[in-house]
Amino acid sequence: MFDYDKWQEIFTSIGKHKLRTVLTAFGVAWGIFMLVLLLGAGKGLGNGIAYQFEGDALNSLWIRPGRTSVPYKGMKEGRRIKLDNDDYKFLLDEFEKIEELSGKYFLGGNKVAKYKEIALAYDVQGIHPDGAIVEGLSVTKGRALNYADQLENRKVAVIGEPVVEQLFKEEEPIGKMVTLDGAAYRIVGVFHDKEGERSMRRFYLPISTVQKVYSSLDRLDQLIIAAGDLSLADMDLLEQKTKEALQGRKMIAPDDRRALRVFNMANEYQSFVSLMFVMNGIIWMVGIFSMIAGVIGVSNIMLIIVKDRTKEIGIRKAIGATPGSIVSMIFQESIFITAIAGYVGLASGVGVLALLQGVESEFFRRPEVNFGVVFAATVVLVLAGVLAGLLPAIQASRINPVTAIKSD
Amino acid sequence: MIRLKNINKSYTMGANKLHVLKGLDINIDEGAFVSIMGSSGSGKSTLLNILGILDDYDEGEYWLGDQLIDKSLSEKQAAFFRNQHIGFVFQSFNLLNFKTAQENVALPLYYQKVPRKERAARALEYLDMVGLADWAGHYPNQMSGGQQQRVAISRALISNPQVILADEPTGALDSKTSHEVMEIFKKVNGQGITTIIVTHEDDIAELTNQVIRLKDGQIEN
Ligand SMILES: Nc1ncnc2c1ncn2[C@@H]1O[C@H](COP(=O)(O)OP(=O)(O)OP(=O)(O)O)[C@@H](O)[C@H]1O
Ligand SMILES: [Mg+2]
Chain G
4 MFDYDKWQEI
14 FTSIGKHKLR
24 TVLTAFGVAW
34 GIFMLVLLLG
44 AGKGLGNGIA
54 YQFEGDALNS
64 LWIRPGRTSV
74 PYKGMKEGRR
84 IKLDNDDYKF
94 LLDEFEKIEE
104 LSGKYFLGGN
114 KVAKYKEIAL
124 AYDVQGIHPD
134 GAIVEGLSVT
144 KGRALNYADQ
154 LENRKVAVIG
164 EPVVEQLFKE
174 EEPIGKMVTL
184 DGAAYRIVGV
194 FHDKEGERSM
204 RRFYLPISTV
214 QKVYSSLDRL
224 DQLIIAAGDL
234 SLADMDLLEQ
244 KTKEALQGRK
254 MIAPDDRRAL
264 RVFNMANEYQ
274 SFVSLMFVMN
284 GIIWMVGIFS
294 MIAGVIGVSN
304 IMLIIVKDRT
314 KEIGIRKAIG
324 ATPGSIVSMI
334 FQESIFITAI
344 AGYVGLASGV
354 GVLALLQGVE
364 SEFFRRPEVN
374 FGVVFAATVV
384 LVLAGVLAGL
394 LPAIQASRIN
404 PVTAIKSD
Chain D
71 MIRLKNINKS
81 YTMGANKLHV
91 LKGLDINIDE
101 GAFVSIMGSS
111 GSGKSTLLNI
121 LGILDDYDEG
131 EYWLGDQLID
141 KSLSEKQAAF
151 FRNQHIGFVF
161 QSFNLLNFKT
171 AQENVALPLY
181 YQKVPRKERA
191 ARALEYLDMV
201 GLADWAGHYP
211 NQMSGGQQQR
221 VAISRALISN
231 PQVILADEPT
241 GALDSKTSHE
251 VMEIFKKVNG
261 QGITTIIVTH
271 EDDIAELTNQ
281 VIRLKDGQIE
291 N
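The listed protein sequences derive, respectively, from chains G and D.
The first sequence lines up with residues 4 to 411 when you count with the numbering used here.
The second sequence lines up with residues 71 to 291 when you count with the numbering used here.
Chain D with its partners taken away, still in its complex shape (with noise of 0.2 Å):
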C-alpha cells in the first residue's frame, strides 16, 4: 500500500541545514495498523505530514498504491488524493471554529462536490459512529478535546480514503479518552483501512499491530 525508498528530508533555516529524515524505507501493507514512535524532534512528524501529501521530500520514491507522490504531482492531482485517498488527524484538531461539527465533517464532501443534503446526512451517519449525533449543531469551543477529535475523526473519514493518517491524536487527551479514541481506530482499522498513528506513549502504540522506531530519522529496529 505505502512504500518509501530512502526518502529524505532537510529543512533549511537560513545558513543552517537540518537533515532530518536520512533515507527511510519502509514498506507498509494494506489494512496495517501501525504506530509510528520515538523521541520529540526524532522527525515523526515530518514523515507523517509526507505520507499526507502535506509536505513533500527531497529524495527518494514514496508510492501510495502505485501511484508514485512526487514534485510532478500537481498541485490539484496533490488535492484529490488528500481528498479521496487519506484522511488525515492533527493533534490540534484544526477544525473550523465558525462551523458547526457537521459541516466540518462535511467539507471534505464539499470538495468532491457531493450535493449539500447527501453532505449533511453522511455527516451525521459519521458523527453518529464516534457517537456525536447529538453534538452534530455545535460548534468546536463548545465541545471537549476528546469530542473535538472525534470530530476531526470523522471528516478524516468521511470521503472513505484508503489510509488514515493521525499524528498523536491523544497527545492532548487524558487516558480515558485516548483509549475511547483508539478504539475508533480499531474500528476504522477493522473496515480495512490502512491505519498510521504517531504516538510516543506505549500503551497507545501496544494497540497497534506494528511499531515503526524513529531515532534520529532513521528507523531504530
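Next up, chain G with everything else stripped away, as it sits in the complex (with noise of 0.2 Å):
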C-alpha cells in the first residue's frame, strides 16, 4: 500500500536535512560511479588488447629474416638472412602438422591504382593460396588466389571492400582490370578483414606473380604458418622445430635471436589471456575494496544520522510515536535516498562510458560493464547503508522518551 501521507512526512525531512541527505546520496553515488567506470575501463583495456588478435589466425608462426648477430661456422655477425621460395618448399615437404602456409612479399610504399580516371594509392602484397586463411580474410565477392593463379604467375589481384568503394564506387569490381604500378591485374575477388580499414586498403597478389613483375627473383618477406587446432604446447614445439630446422639450413647460430624473428601468436595470445585473467582480478579485488569502502563509508553516515535524530526519535515517542513506525520512517527515508543516489551512480558511470565509447586507441576501445553486476552492486550497498541505519534506529526506537529526549 502506497501512503501517501508518511511519504510526505519522508520528504518533508529530508528536504528540511539537506547536508546529510546529499553526503549519504554522495557515498553511494560515488561508489557505484567509480565501481562502473573501474569495471568498464577494465573491460575496455581488454577489449583494446583482445582487438589486436581480431582477424588473423590465432595458432600462427609469423617468420622474418633478419641479420645475424652472431659469428657462427666461420661467418661474420651482420649476415642478412634471406628466405626464399626453397625455404616455403622445404617448411610444407617436412612439417605435416603445418595446416596453412603463406610466404608473404611486401612491396615497400604505396602503388598507384588506376581505374578509367580514377587513380590511388595503395599498399601491395603478394601471397601465397594459403595467405588468405592465415591472414583471417573473408571473400566476399568473387573468389580467393589460388593454386592455378600461383602456378600460372597471372596478374590477378584480390581487393579490401574500402579499394572497391573507392575505385569503382557502384561498379561491379569482379572481372575489370586495373592499372597498378603500371601494370594490368585482373580483380578475382574482394575481402573483408576483422583488423580494420588500415589492413583492407590493401591489393593481394600471387607471390609467384609479384616475385617475377618486380624481378626479386624467389625472395621471401616473411613465412606464416597456420597449424590449426594445435595444442599450446605442440605450437611451442612446431615453433622451435620450424626455427631449428631454419638455422640449419641458413648457418644461424641456435642462440642467434636476430637472424629469425619468429612470432608466436598462440602464445602471445595465450599471455594476453593470462594478463586478462590478473588484470580482471586486480580490478575484482579494487572493486570489493571499493565496495567493502563504500559500506563503511555508508554505514557510518547512517549511523551518525540515526544518532542525530536520537532527540528527534524521543519528541516523536514522547507525543504517541511507537518503535515501529519510528523505525520505518528511518527505514524507508534511507532505502529512499541511498536507491535513488545509486541509481545516479549506475546512471551517471553508464554515461561516462558511453561518452568513451568514441575513443579507440591501441589498449582501449568498447568500455562497456556487466549490467547485472553493477545492478547487484548497487543493491548491496543500498542494502548495507539500510541495514546500516536499522540496527541503531530500532536501538534508537526502544530507549526511552526521556533519556532519547536529553541525548544531546
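Rather than coming from a laboratory, the hints here were simulated on the basis of the structure.
Treat the hints loosely; a few may be bogus.
Simulated coverage check for chain G against chain D, where a stretch passes if three residues somewhere in it have a Cβ under 8 Å from a Cβ of chain D [stated by the list, open to error]:
1. 13-27
2. 323-333
3. 396-407
The structure presented is a predicted model; accordingly, all values stated were derived computationally and were not measured.
The C-beta atom is built at its ideal place from N, Cα and C for all residues, glycine as well.
Two chains, two frames, a set of hints: combine them into the complex.
In C-alpha cells:
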C-alpha cells in the first residue's frame, strides 16, 4: 500500500536535512559511479588488447628474417638472412603439422592503382594461396587467390572492400582490369578483414606474380604458418622445430635471436589471456575493496544520522509514535535516498562509459559493464546502508523517551 | 483519575544506586489543577516522567483512569496512551526544529492517522487558541521562548488528552510570559482537563488549586 502521508513526512524530513541527505547520497552514488568506471575501463582495456588479435589465425607462427648477431661457422655477424621459395617448399614438405603456409612479399611504399580516371595509392602484398586463411580474410565477392594463379603467375588481384568503394564506386569490380604500378591486373575477388580499415586498403597478388614482375627471383619477406587446432605445447614445439630447421638451412647460430624473428601468436594470445585473468582479478579486488569502503562509509553516515536523530526520536515517542513507526520512517527514508543515489551513480557511470565509446586507441576500446554485476553492487550498497541505519534505529526506537530527549 | 501506590524509583549509575522516589502515594482527581513543588533534585521531574509514561518505575502501582500502567504495557500501548490520553509539556519545549509551528502542533495527529488536511486545520485552531495563528508558518528558531512554549502547549492539547503534564513550563520564561502561559493552563483546566504542573516558583503554584510538595523523594505535607 502506498502511504502518501508517510512519504509526505519523509520528503519533508529529506528536504529539511539537505546536508546529511547529500552526504549519504554522495557516498552511495560515488561508490557505484567509481565501480562502473573501474569495471568499464577494465573491460575497455581487455577489448583493446583482444582487438589486436582479431582477424589473424590465432594458432600461427610469423617468421621474418633479419641479420645475424653472432659469428657462426666462420661467417661474420651482421650477415643478412634471406627466406626464399625453397624454404617455403622445405617447410611444406617436412612439417606435416603445418596446415596452412604462406609466404609474404611486401612491396615497399604504396603503389598507384588506376581505374578509368581514378588513381589512388595502395599497399600491395604478394601471398601464397593459403595467405587468405592465415590473414583471416573473408572473401565477400568473387574468389580468393588459388594455386592456378600461383602456378601460372597470373596477373590477378584480390582487393579490400574500401578499395572497391574508392576505385569502383557503384561499379561491379569483379573481372575489371586495374593498372597497378604500370601493369594491368584483373580483379578476381573482394575481401573483408576484421583487423580493420587499414588492413583492407590493400591489394593481394599471387606471390609468384610479384616475384616475377619485380624481378626479385624468389625472395620471401615473411613466412606464416597456421596449424589449425594444435595445443599450446605443440605450437611451442612446432615453433622450436621450424626455427631449428631454418637455422640449419641458413647456417645461423642456435642462440642467435636476431637472425630469425618468430612471433608465436598462440603464445602471445595465451599471455594476453593470462594478463586479462590477472587484470580481472585486480579489478575485482579493487572493486570489492571500494565496495567495502563504500559500505563502511555509508554505514557510518547512517549511524551518525540516527544518533543525530535520537532527540527527534525521543520527542516523537513522547507524543505517541510507536517504535515501529520510527523504525519504518528511518528505513524508508534511507532506502529512498540510497536507492536514488545508487541509480544516479549507476546512470552517470554508464553515461561516462557511453561518452568513452568513441575512444579507440591501441589499448582501449568499447568500455562496457556487465549490468547485472553493477546492479547487484548497487543493491548490496543500498542494503548495507539501510541495514547499517536500521540497527541503530531499532535501538534508538527502544530507549525510553526521557533518555532520548536528553541525548544532546 | 491518577492513583499512585507506593511508587519507588532508583537510578543506578555504575555501583551507586540513587533512590529518587521513596514510596509515593498520590491521588489526583479528574479535573484537578495541581502543582508539584520541591527543591532541585527532589524528584519532581522523575515523578512527572513516570506519570507521562516517558519513564518507568521500579515498584508500586500507577493507575491512569482504570488502566494499570506498568511494565506489562507494550511499547505500542504506551505510545497509544501518550498519544491519546496524555499531553506533555517540557521545560525546554522540545519542538522539532525542521517543522513549522503548525506542523509541530499537528504531529500527534499524524500518529493517529488523521488525514493531512484535517491535521493542518486543527493545528491552526489550537495555535489560534494560544494566540499564535499568525505564526503558524514560522519555525521554532524564529520564535521567542514564550511563543515556543505556547506552541508546545498546543501540541500537548491537540489530541484532546485527559491529562496535561507540564515540567517547569515557565522555567525558561520571564514572569510576564509565565503568567500568560499560566492563563492558558487555567483555561485548559477550565475545560475539565486534569492539569499537573511542576514548578519551584511560589507565585505559579499559587495559581493552582492543590500543591504537592516533594522532599527527598517523599511527600512533605
Ligand atoms: N537519568 C538519570 N540518571 C541518574 N540520575 C538521575 C537521572 N535523572 C535524574 N537523576 C537524579 O535523580 C534526582 C532527581 O532528579 P529530578 O530530575 O527528578 O529532580 P527535580 O526535582 O526535577 O530537580 P530540578 O528542580 O532541578 O528539575 C537528582 O538527584 C538527579 O540527579
Ligand atoms: Mg526537574
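Tested hints:
no.	hint	verdict
1	13-27	holds (count 4)
2	323-333	holds (count 6)
3	396-407	holds (count 4)
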